[in-house]
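Participant: The lines below spell out each chain.
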Amino acid sequence: MRQTVALTLLTLTVGLLAGAATGHAAELVVYSARHYGQEAAFEAFTRKTGIQLKIFNGSTGELFERLKAEGERTPADVLLTVDAGNLWNAARAGLLSRVDSPELQANIPAHLRDPEQRWVGLTVRARSIAYNIQKVKPAELSTYEALGDARWKGRLCLRTSSYIYNQSLLATMIKRHGEPRTEAIVRGWVANQPVLINGDTKILESLATGQCDVGLVNHYYLARLLAKDGSFPVGIFWANQQTTGTHVNVSGAGVTAHAKHRAEAIKFLEYLSSPEAQQMFADLSFEYPANPQAAVHQLVARWGKFKQDDINVAAAGEYQAAATRLADRVGYK
Amino acid sequence: MEAVRASARGVAVRRAGPLRLSPWTVGVTLVAAALAVPIVAVLSSLARPRLEVWEHLWQTQLGELIANTLLLLAGVGVGTFVVGTALAWLVVGFHFPGRGMFEWALMLPLAVPAYVIGFAFLGLFDYAGPVQSALRRALGEAARLPELRSGAGIVVVMTLVFYPYVYLLARTAFREQGAATLETARSLGRTPLRVFWEVMLPMARPSLVAGVSLAMMEALADFGTVATFGYRTLTEGIYRVWFGMFEREAATQLASLLLLFAALLLALERALRGRARFVQSHRRGAGILPVPLRGWRAGAATCVCALVLGVAFVLPVVQLLVWAREAAVAGGLPYGRLLANTLTLASLAAAITGGLALVLVYAARLHPSRVVHAVTRFVSMGYALPGSVIAVGVLIPVALFDHALVGIFEWLLGRSVDLVVTGSATALLYAYVVRFLAVSTQTLEASLGKVPPSFDDAARSLGTGMLGTLGRIHLPLMRGGLLTALVLVFVETMKEMPATLLLRPFGFDTLAVGVWERTSESLWGDAAIPALTIVAAGLLPVFLAIRLSAVRTGLGGGGP
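So the protein lines, in turn, are chains A and B. According to our numbering, the first sequence is numbered sequentially starting from 1. According to our numbering, the second sequence is numbered sequentially starting from 1001.
Hints were generated in silico from the structure; no laboratory data involved. Be aware that a few hints might be false.
Stated by the list, open to error - Per the computed footprint, the stretches of chain B lying under chain A, defined by three or more beta-carbons under 8 angstroms from a beta-carbon of chain A, are:
1. 1240-1248
2. 1513-1523
As the list claims (entries may be wrong) - Sample of chain B residues at the chain A side, in silico, Cβ under 7 angstroms:
3. His1056
4. Trp1058
5. Val1131
6. Gly1230
7. Leu1395
8. Ala1399
9. Leu1419
10. Leu1501
11. Phe1506
12. Leu1548
The beta-carbon is built from N, C-alpha and C at its ideal position, and this holds for glycine as well.
Here chain B stands alone, though its shape is the one from the complex (with noise of 0.2 angstroms):
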């Protein structure tokens, strides 16, 4: 154990330098500019405080918006910290009945947006629901489930919805282990739970604080669900001061308050982090070999994966269905070009967004200046951001520029002109970039920062140069990492409702924007057959991602 650690942290990264001014940290900064204009014109609104909003939110909620606010991030971290980092470690780690469906399965819940789960849960366990009806006939009419409307409630239903970015990061990183490191301990006389405690989770450290942090900045952000659930939190709170008040101002600042809490969270996660980097120096070698689970403990193994599945994702798509049955109108909607819509914003997206991701995260590595650290660190909190705040903080400077590029136009050409970009897929693409674009460098540092910096040394010694380095040694190895920031930009996109609905072109509506022109009527059993279609097109990039990954390490991790 002890040579373990040695020799990770004998090859720790080096650490960021002092301010240089290479055309790197210039190049990236600049992109880095554009990525944060929308969050910077959130964070100007502070320069004309609303102070008698703020009074009167002192007054009357905002302690509690923030406790809530606190109560459930902590709720979720912990919560999908344990239940992604222990299903990812059953099924790495482990053979078990079913393993070989729940590893692909597990990742599931992720194609589904958390509005309708939770939705769904409401559908199924409140007190006019099936399962409390059934209770009371069976047990009288006292008979009560613990309220979901609730604190815990929505931790639960949050964690349900959200535990797949921690699970998938986990996973992959408990899969680029190498197999020499376990075999090590365990030859050492290590059990299965200590070699997990002391060499998997300190190993995978990166990807499972990247994880809960996506996790925790996804809640920060949701408003879907807290409105259903009726759980006041600070974005409840800004859309009440925003629709209720009228206050867009005020309700941006108090957006500006969430990006506090965000840049508090990424500096946690920093520190988290740790100073030392674990390395895998040989892990191209055989994969980590499953342990065989035999009588109680098998059965136990499938029972867990199986429950979590069959609440988070079962469960809700059950209930679809049969809302969907009893929709009045079945079709209604062009499906096929709403699908092909979102597909294409999704993969526009997934790529633009891995590709800028890519370039933040590489010049990190070529030249870790503090610059390029902060600016990548700052367009990241646009992921905690409310959908319709960032996509305000879109719109507006996108207009502005619009309008006196148009103005030039009507000069030019002597009569007067359509806006071009304001309502262009750009000006939505550029929206997805800046909410998302945490997704995707979360993923690729953790990914990147298991490559030891030593073969970047020896690639450049042996004459590859810089884009060579990136896609013979760099790319490969990061393989697992780049997939998974692409599948989960790309479902991401396909959810995402508020800055689709704002800022996408004339007659481009997506499924999302189905499900939501529905849903807003209370239409629920109409909005479940888009909500289908939303979970059947996430399902494709979650298989081609198992696909891909299986052929990197042969049959998917093998039989024992």
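Only chain A is shown next, with the shape it has when bound in the complex (with noise of 0.2 angstroms):
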């Protein structure tokens, strides 16, 4: 028995030795919830600075309960996510470290990125109005706010209130306009009895058939169903371009709090802002490169230049429980 006992640990001794000789090579860490459109830019700084990244993919929360759970002794280096309400409550849940890097500040405009510099947005996404081009001219469209008329009754198309994307879009309205105004707008949006679609591309497919006649999106759905089929009938008015901008929202990254691999994992956020990885999402995924210095896909580049609602991102997540809770008050399922 004691023998049996002794033998285990040495045995799991030994594992753990052999573990750290062959463990900690030049390699990153990325906790990412998002799957999509980076692997080339990925790609790319392993081949120039042959730095390795490890990538584990896992949907934010529960990539979040993870790191929480394994604390001081995480493997993560980097977090990788989708949404700015997500990247403000990771940082409130502790899960992030400050980085005060000039490069990153100076690459990416002042309200994609945290205010105290613990994560920053690498793409931008527009969620606008969609419309089908044979039933609605731009004339008949103006803002989020307008889609409350009652021209829009039985014509309007949204995702559920449960959708991170529109539950952003509500908390930065409640940040602009505070809450009693926002309420009365999402107000005037359930009088107009929208269908609930699950699925941007599932909207923008009822826009075309015909089912509703205008809808929400984040533009680069629409993007890459007209990549497929340059005939789709559906076009993208950009909101509120006479008062507070269109409403946009971020993909981006923050260093972890206990970060083997600090040095490393800030110089590959700084190669993510970069110009040359900025043109790799920007090619992959039709997102808005968050540097301004790289250039938009084509394909979006025709919808032109649109003024951002340059409130900062961050204000998806301080407002999130509130945005969540007023559209549950005003039974906006």
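Put the two chains together into one complex; each comes in its own frame, and the hints tell you how they fit.
Facilitator: So this is what it looks like as structure tokens:
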């Protein structure tokens, strides 16, 4: 019995020591809730620096739980995720650490990164009004608020309010307009009896087939459909150009609080914010580069320049819970 | 008929005795305690109630969530019972064209993840989908189908997805019934329908109830399908509170409410199974001889089976094939490795879960004490919890243990050490066992309950030991149930997504992870190929089960 215990301990110990000998080469561990469009930039980083990337894909909330549970012993160096609200929540939970990098600050506009420098936005997604080009004239469209006008009754398609990008849109509106005004706007949408559809692509298909005439989507979903079928009968309208600007969200990243390879992790983020890497993101995913020096994909460029809402995207996190509660109150399901 | 009832009651299994502490009881309680940790972790969140969140839920939606959940449960319960039992009775009791194929093919929907069927259905029957588009072209712009995103729509979809549980258990139960009982009833002039209603159904009750309660627990835990359909249930509410308000504690507390539902369901199940157990004293004889159907009856039977199979399996698979063809990138995933990982995890999970369930169920038979019964019930509740909740319930205690363990190593070695258990296959398998134990215990309990206790006594009196009795008497008699248990857990593990995502070891991706990575980006075309691979891999155990169960009864029931 005693021999067995001793043997087991010995085996374990040897195993751990062997792990120590091989485990810490030049590599970065990335926990990622973004699974599309970054491959080229990642490969280029490894080619340039020789630093290998180990990617662990997951969904945001669950990755947070794993990071929390692993605590100071986490293998993760970088957390990459979509939606500013998620990044804000990761920072609030103490999962990310402050990075003072002049390069990051120069590359990424201030409203697309954490005021306390714990995360940066890397790509930009505009959530705006999509419409059936045969049934709706752009002149009929103006703002998010105006989607509550009676003329859109029965013609509006929305995602559910559980959908993160809608929560972030509402959260930003709360920051801009305050709760009472936002509540009135959302009540207007709800009064138009929107068809609630699960999936931006599905909303676009519903617009194309005539189930509804206007909807709210992230721009790159339309770009993906147009890339496949140039005659897809849906257009995008940049909302609130005369007022606050079109709502934007980001996918972004931060260095974890207990990163073992902090210097390499910062180098990684700096590379991802460079015009070269930003171009690769934009080419693969149709997103807008966060770095203004990189060019947008030509298909997206056709939609022209637009005014972004320049409120800091962190608002999506600050007011996310309030947005969820507001949606519950007004019966936006 | 009276004779049948009386003899059944005559050999009723002994009832649970008073609290006794045998070594078995202690051993089993320890096993169960280890399995109960994650459920206790979920329940422990109640110690820090987030009253403010509850108040908000109460004011806005709790009533609707509970009502919707109850509606879903009732609908899926009735739906799977009717569809599963009727199909099982058809293929076991009758002969009609295509029966041999339908007997195994009707299990196939098991291999398709619920969310995949749900999404394929929406793709097909949505306003923008091909069916309604064709309708509009034929009948004009106003032509519509009933809205699929509704309570009725989701009940139909979930019934089609989950009926195989009932079908599988009912089929096994019907086939394990002796021909003699049936022949007696038939010779007394009973019509096939009355034989079914008065003999087959009551005798299969434990299995039917087990199957229906599995289907209902699955419906309770489902998130993927309700989210796709925008139908708000308690599980949808959990995710909303968790990820919409970042209130993990409150979400876990809401999950405790699900556990309450599960407990009620299990209590109901107990009550429905009834005190009297129907055991078979002569089931090694010939199985049921199917009655040949002729004329329109045969055609109707074929049509019913074909309809269910077509809607629940062929349609979604065809839709997946179409998407796969349209997929932008056909390759891109290391399918060989994903498949190997998936199969490894699924076989391990099936074997471990089956083994532990056998221990629990067998202990309850040898020593029917209240404690053993209670712990078996308790650990079964994991099945009603959404995968993410149970996964966090596993993660937190495992990580605590891991930090303590590694702390000791660090102290011994004098340097920092990586975590050992968190993010290992062990933690993941632990989660699978906790989540799917109910599947095995329910199935095995239903199967073992049919073996007369007099067999045990006879074996013992002939000097056979406990293990000998298990190996030589019970296991051979339970073979059908054991196979069903293994197949179900195997297929469930293959499809499982949230726990796999959270707990899998680094670089150890499975097919379900491949599906998820693409669906989470709305890349359905690209997700179709890994999803089809899951379906194909799921066929393997189904075929195996068919073959093995066919061997047992000669030619799978044989001809008339």
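Participant: Run every hint past the structure and note whether it holds.
Facilitator: Tested hints:
{"no.": "1", "hint": "1240-1248", "result": "holds (count 8)"}
{"no.": "2", "hint": "1513-1523", "result": "holds (count 8)"}
{"no.": "3", "hint": "His1056", "result": "holds, 6 angstroms"}
{"no.": "4", "hint": "Trp1058", "result": "violated, 11 angstroms"}
{"no.": "5", "hint": "Val1131", "result": "violated, 12 angstroms"}
{"no.": "6", "hint": "Gly1230", "result": "holds, 5 angstroms"}
{"no.": "7", "hint": "Leu1395", "result": "holds, 5 angstroms"}
{"no.": "8", "hint": "Ala1399", "result": "holds, 4 angstroms"}
{"no.": "9", "hint": "Leu1419", "result": "holds, 5 angstroms"}
{"no.": "10", "hint": "Leu1501", "result": "holds, 5 angstroms"}
{"no.": "11", "hint": "Phe1506", "result": "holds, 6 angstroms"}
{"no.": "12", "hint": "Leu1548", "result": "violated, 37 angstroms"}
Hint violations for this structure: numbers 4, 5, 12, all remaining hints satisfied.
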